[in-house]
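Visitor: Listed here are the chains, written in short residue letters.
Protein chains: 2
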Amino acid sequence: DDLTAEVVGRFAGRELVLDEAMEQKIHEIIKGFAARSKMRFDPDALRAANRKQAMVPEGATALDPMGTAPGLVVPADGMVVIVLPGPPRELKGMWPAALSQPAVREVLERAEPFEAFEVRMFGLPESELARVLREIEEEADLSPLEITTCLRGGELVTDVRHRAGADEAREALLGGLEQKLGQFTYSFQGEAIETVVARLLGGRMLAVAESCTGGLLAARCTDAPGSSLWFSGGVVSYADEAKSELLGVDPGLIESKGAVSPEVADQMADGALARFGADAACAVTGIAGPDGGTDEKPVGYVCFCAKLATGEVLARDPVLPGDRGDIRQRSTMVALHLLRYLLEGREPPR
Amino acid sequence: DDLTAEVVGRFAGRELVLDEAMEQKIHEIIKGFAARSKMRFDPDALRAANRKQAMVPEGATALDPMGTAPGLVVPADGMVVIVLPGPPRELKGMWPAALSQPAVREVLERAEPFEAFEVRMFGLPESELARVLREIEEEADLSPLEITTCLRGGELVTDVRHRAGADEAREALLGGLEQKLGQFTYSFQGEAIETVVARLLGGRMLAVAESCTGGLLAARCTDAPGSSLWFSGGVVSYADEAKSELLGVDPGLIESKGAVSPEVADQMADGALARFGADAACAVTGIAGPDGGTDEKPVGYVCFCAKLATGEVLARDPVLPGDRGDIRQRSTMVALHLLRYLLEGREPPR
Numbered sequence: 264d265d266l267t268a269e270v271v272g273r274f275a276g277r278e279l280v281l282d283e284a285m286e287q288k289i290h291e292i293i294k295g296f297a298a299r300s301k302m303r304f305d306p307d308a309l310r311a312a313n314r315k316q317a318m319v320p321e322g323a324t325a326l327d328p329m330g331t332a333p334g335l336v337v338p339a340d341g342m343v344v345i346v347l348p349g350p351p352r353e354l355k356g357m358w359p360a361a362l363s364q365p366a367v368r369e370v371l372e373r374a375e376p377f378e379a380f381e382v383r384m385f386g387l388p389e390s391e392l393a394r395v396l397r398e399i400e401e402e403a404d405l406s407p408l409e410i411t412t413c414l415r416g417g418e419l420v421t422d423v424r425h426r427a428g429a430d431e432a433r434e435a436l437l438g439g440l441e442q443k444l445g446q447f448t449y450s451f452q453g454e455a456i457e458t459v460v461a462r463l464l465g466g467r468m469l470a471v472a473e474s475c476t477g478g479l480l481a482a483r484c485t486d487a488p489g490s491s492l493w494f495s496g497g498v499v500s501y502a503d504e505a506k507s508e509l510l511g512v513d514p515g516l517i518e519s520k521g522a523v524s525p526e527v528a529d530q531m532a533d534g535a536l537a538r539f540g541a542d543a544a545c546a547v548t549g550i551a552g553p554d555g556g557t558d559e560k561p562v563g564y565v566c567f568c569a570k571l572a573t574g575e576v577l578a579r580d581p582v583l584p585g586d587r588g589d590i591r592q593r594s595t596m597v598a599l600h601l602l603r604y605l606l607e608g609r610e611p612p613r
Numbered sequence: 264d265d266l267t268a269e270v271v272g273r274f275a276g277r278e279l280v281l282d283e284a285m286e287q288k289i290h291e292i293i294k295g296f297a298a299r300s301k302m303r304f305d306p307d308a309l310r311a312a313n314r315k316q317a318m319v320p321e322g323a324t325a326l327d328p329m330g331t332a333p334g335l336v337v338p339a340d341g342m343v344v345i346v347l348p349g350p351p352r353e354l355k356g357m358w359p360a361a362l363s364q365p366a367v368r369e370v371l372e373r374a375e376p377f378e379a380f381e382v383r384m385f386g387l388p389e390s391e392l393a394r395v396l397r398e399i400e401e402e403a404d405l406s407p408l409e410i411t412t413c414l415r416g417g418e419l420v421t422d423v424r425h426r427a428g429a430d431e432a433r434e435a436l437l438g439g440l441e442q443k444l445g446q447f448t449y450s451f452q453g454e455a456i457e458t459v460v461a462r463l464l465g466g467r468m469l470a471v472a473e474s475c476t477g478g479l480l481a482a483r484c485t486d487a488p489g490s491s492l493w494f495s496g497g498v499v500s501y502a503d504e505a506k507s508e509l510l511g512v513d514p515g516l517i518e519s520k521g522a523v524s525p526e527v528a529d530q531m532a533d534g535a536l537a538r539f540g541a542d543a544a545c546a547v548t549g550i551a552g553p554d555g556g557t558d559e560k561p562v563g564y565v566c567f568c569a570k571l572a573t574g575e576v577l578a579r580d581p582v583l584p585g586d587r588g589d590i591r592q593r594s595t596m597v598a599l600h601l602l603r604y605l606l607e608g609r610e611p612p613r
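In order, the protein sequences belong to chains A and B.
One point on numbering: in the working numbering, the residue at position 158 of the first sequence is 421, and numbering is uninterrupted.
One point on numbering: in the working numbering, the residue at position 23 of the second sequence is 286, and numbering is uninterrupted.
Simulated from the structure, these hints should not be mistaken for laboratory data.
Quick caveat, the model's predicted, so the values are computed rather than measured.
Hints are supplied without guarantee of correctness; some may be wrong.
If several chains are the same, the list does not tell them apart, and a pair holds so long as it fits within one copy or across any two.
[To be verified] In silico SDA-like links for lysine to any residue, alpha-carbon gap of 25 Å or less: (1) K560 to G295; (2) K288 to P388; (3) K315 to A361; (4) K355 to G416; (5) K520 to G416; (6) K294 to D589; (7) K315 to Y604; (8) K294 to P561; (9) K355 to P561; (10) K288 to L414; (11) K288 to E454; (12) K315 to S406; (13) K560 to A275; (14) K560 to R609; (15) K443 to E369; (16) K294 to L396; (17) K315 to E518; (18) K315 to V395; (19) K294 to E559; (20) K443 to R609; (21) K520 to E559; (22) K315 to P553; (23) K315 to V370; (24) K315 to L354; (25) K288 to E526; (26) K355 to R415; (27) K355 to V420.
Pulled out of the complex, with its shape left as it was, chain A reads as follows:
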């Protein structure tokens, strides 16, 4: 970090000079941060440590910090170098200020705009999507599109970018995907699954009961702002006693069928509905490994039960591939997609 301004300055043939107004701003930010976090540091030492951040190549513009580090816009011989902080929040926050700089606008006016969208699927392997994309390509010219597919947390995301005038290729791609893989596609606009679930809930409240996912399902539900409008809460019943005490699962059932069983998942969902007074619930209990697997119930065996207070149920108990982290992540996604199918009133494709 300390070297960036210097290196960029050298590249642009500009000396570093101290921007005193920026130095003062950074100082105030650090002081405020130290005060809010109730920590005490020697302010002079902090000032010295942060003075370097206010060194700016001559003729460059410093952008106000979002955190403690300023950004830079450095004109360099018809090009322009934009220096932004690394943390995504600071980077995104500073982007509009960077774009509004005349030097940046001038460069951007020479560029053609890109359009981008994402198609999201669940429940099929990446090789199947690759095969279908090749099929579509045999029927239509997709060359104006830049298509990237990636497996993200168990979902298959097709990222598409194109310049203006690619409408025909775009329609061919979307039409082909819808026709051949529509049953696996849950969003053509790149929506997160929890956003889709929230919309399908339509004012109803959701509660969850988790064992092997250990809180990941609840965390995913509360990721986005406004989730308190549709998410009541969840129980992470890691210990067997917690399943009984907090969710009312019959201890005899745990004894006879095992904590990881469709029967226990069913009672966990009932418990979540009842204890939270919720309209919909989803329960997950499984063996995330690496230990705890048996021949009958191997590592990756996970029982899901999605239920509505009105009685509709959808339950599955697949064996999921991968290591502990994969199984926990994938279980979270399976739970949300099972809920989606339940709320849509249909069965998942086989």
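Got chain A sorted already, so can you dock chain B onto it with the hints?
Guide: For chain B alone, kept in the frame of chain A given last:
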């Protein structure tokens, strides 16, 4: 992915040939995967789609897939190109096989080994660590060390790498950090905070009660295998009624002090101790934003209460910086570190 073998083959001046044994292996893996996940695909189409993955530059060695993609070791004129799959689990899993290849061993024997370790701190700004590192550097020659610092989920991680013979520099760095920032340092061996908490629990069981972190605290506790030995479970009490129904928080208290208050955090911790029959508990309730803040309780205001069943308590209510994601992430870390201080029987540094 489809292009890698081709490009590397061209670089190494080697033609692609079909590795039939590998093709068969990939086919079996895909078949098994399809069967286990209870999905049905046309096996011939899958076979065609995956045949390409079995194309190997002549004279190269294909490494058995960890997922569905094989790796490659391609000798190229005294150098060797190792091709590994991107998913971390597959990459890590295939690494030992790659290292055991004679071509790779030959290259490695010409290399000098690296030592690496991580120092982990919590509760100070990165600029303060930078200042201290400069101070240590004025007193000792740290040039044999490659030092990188980074802020990771609210923790400050100092990553150090060095070749053999850097013992003096290494001791100077560790001694300096311990002397100047020892109170902020919780691991000189790169341990995760939950590992440290688990060790400090020493057989006692932990339960958590979360609101704004929405399950992230429980998820973090259950990240590592074996967490069922020390983690009972948690309640994500997002709705106020859930705080009362599942944790026994007095509804009148929520009414008078607000759901985000030190008093409610205290009762949430009591509830977690009681309902899970746990020995230790940590409660978090706060305003993650972007909405819901007031002058008195702004976005980022979070109340923490760590408690032992034997009565010891540690509570804090800072205002944390950042956006919703930052605040949730940081709150998770503050909760775990507060627990650590409680279990260590000392106060966090100010």
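Visitor: Would you list, in rising numerical order, the hints stated earlier that this structure does not obey?
Guide: Structure breaks hints 5, 7, 11, 13, 14, 15, 17, 22, 23, 25.
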